[in-house]
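Trainee: Protein chains in written order, with this note's numbering: chain H, 31 to 290; chain L, 31 to 290.
FYI, nobody ran anything at the bench for these hints, they're computed from the structure. The structure presented is a predicted model; accordingly, all values stated were derived computationally and were not measured. Incorrect hints may appear among the rest.
Same chains, same label: a pair holds when it works inside one copy or across any pair of copies.
[Claimed, not checked] List time: in silico SDA-like cross-link candidates among lysine to any residue, alpha-carbon distance up to 20 Å: (1) K218 / D264; (2) K109 / V182; (3) K109 / Q135; (4) K180 / R136; (5) K180 / A100; (6) K180 / E102; (7) K180 / G104; (8) K218 / D158; (9) K109 / K180.
2 protein chains.
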Amino acid sequence: MRFARLAPPDQDRPPFYARLEGAAALVLDRAPWLGGTTTGESVAWVDLDLACPVEPTKILCVGRNYAAHARELGNDIPKEPLLFLKPPSSLLGPLQTIVLPPDSQRVEHEAELGVVIGRRCRNVSPEDALAHVFGYTCLGDITARDLQRKDVQFTRGKGFDTFCPVGPWIETALDPAQLRIRATVNGKLRQDGPTSQMIWGVPALIAAMSRVMTLEPGDILATGTPEGVGPLVDGDELVIEIMGEGDRAPGIGALRVSVA
Amino acid sequence: MRFARLAPPDQDRPPFYARLEGAAALVLDRAPWLGGTTTGESVAWVDLDLACPVEPTKILCVGRNYAAHARELGNDIPKEPLLFLKPPSSLLGPLQTIVLPPDSQRVEHEAELGVVIGRRCRNVSPEDALAHVFGYTCLGDITARDLQRKDVQFTRGKGFDTFCPVGPWIETALDPAQLRIRATVNGKLRQDGPTSQMIWGVPALIAAMSRVMTLEPGDILATGTPEGVGPLVDGDELVIEIMGEGDRAPGIGALRVSVA
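Make a model of the complete structure from these sequences and hints.
Mentor: What follows is the structure, given as structure tokens:
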């Protein structure tokens, strides 16, 4: 099933969650991972109505989770998942604009599979991990590469407002190891990698992350980026697309944002 | 004025915000930084009722903000504030227990001044920064030092559940440069430093942080720890106290937590 958060720009109504069925949005009374159910209201929706589909208490990320990407930045492959956080203030919705900060001369895209937590968990085993997932979405771990290198800590380089585009919606019935992540900039393919090449797959990541901190419903995990990261400049159009890998495997769709 | 969040353990009532006047708690209808006003209800409160006084969207911290502490860990003084995040899942209230994780053999206390944001801000100047502060509290940046060194990124070492005790309440009418931070473990003084020795004072920190990310009402900033950090072991009682520096300067009070 496909879930979105809608904020129709021409309506005086707070953003609301909905289950999408084709062109119809079945309105929910709250976030689906908080037990939201359909109110009975159905509305027509268009792409411009899509807001960032999550409101997490945290955005927990892993670095260097694809060997080829670790190598392209000259890094070793860590022996354990390398965790870091992005602030909720960095979230951005579909069709919105990544704002280049004046403090950086080198902002790059990192296209990733986002995992939305459905049930609170702590110290969950890899075997039980996927039972705590609500669904999957496209996520951009936008990074000021020069500041990331200078600070060593990733917080500033990855923490600017608008540096975490997420969307366009959340798909629930997917195999996270049977997907392919693509990033295109102005129509040119930059990143293209299968999620099966993650060093730590989604179950192992959730186990490692929940060994440190409680994961809350609605929290979003960023699972690392395949090789091919590159610069974004004013006027660019970035598309992060996640499709099914293999015959008829379902995918997610395409998240489109601009850069200014 | 003094504000707290109360969760009386013997009452079937969700935690609520209140303004404290001596032994009386004047109940608020919501968090004071979200415009909460008194409901007219006044209740008696005791120490055991005090919950973590904040529910932030982020906990934004600075490392190495006291020269003597940077030196004691063998670090250079950074040229810009070194930012990092702790997850909201790490928050802990007064009289609660820091849980030592099995993955670390060396957990340490870092006593800090916590700053609670009162008004949303982005790109605020040092001159205007303090107008966006709601108040001040005591904060522990508990750190698994071995994991912090091993990972380089601070997220795991500083991100475990219970690793961010905050409280006992928030004081609004203080000068953040006229305070003294003390940490005692089992009654022995471990840390004792004046906030006037911060490399970047609170106004400069808020300016630097808000240059990266929007600060939201209720967000909490951790402003760095003076020298004297040291280990915590099972059974320890940690007290973080912030008092006024100088004649009759007002302080905050003492945050007490245990370790297990």
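Trainee: Now, for every hint given, state plainly whether the structure supports it.
Mentor: The hints, checked one at a time:
{"no.": "1", "hint": "K218 / D264", "in the structure": "within (16 Å within a copy, 56 Å between copies)"}
{"no.": "2", "hint": "K109 / V182", "in the structure": "both (18 Å within a copy, 13 Å between copies)"}
{"no.": "3", "hint": "K109 / Q135", "in the structure": "between (31 Å within a copy, 18 Å between copies)"}
{"no.": "4", "hint": "K180 / R136", "in the structure": "within (12 Å within a copy, 28 Å between copies)"}
{"no.": "5", "hint": "K180 / A100", "in the structure": "both (18 Å within a copy, 18 Å between copies)"}
{"no.": "6", "hint": "K180 / E102", "in the structure": "within (18 Å within a copy, 22 Å between copies)"}
{"no.": "7", "hint": "K180 / G104", "in the structure": "both (15 Å within a copy, 19 Å between copies)"}
{"no.": "8", "hint": "K218 / D158", "in the structure": "neither (39 Å within a copy, 44 Å between copies)"}
{"no.": "9", "hint": "K109 / K180", "in the structure": "between (23 Å within a copy, 10 Å between copies)"}
In this structure, only the earlier hint numbered 8 is contradicted, and the remaining ones agree with it.
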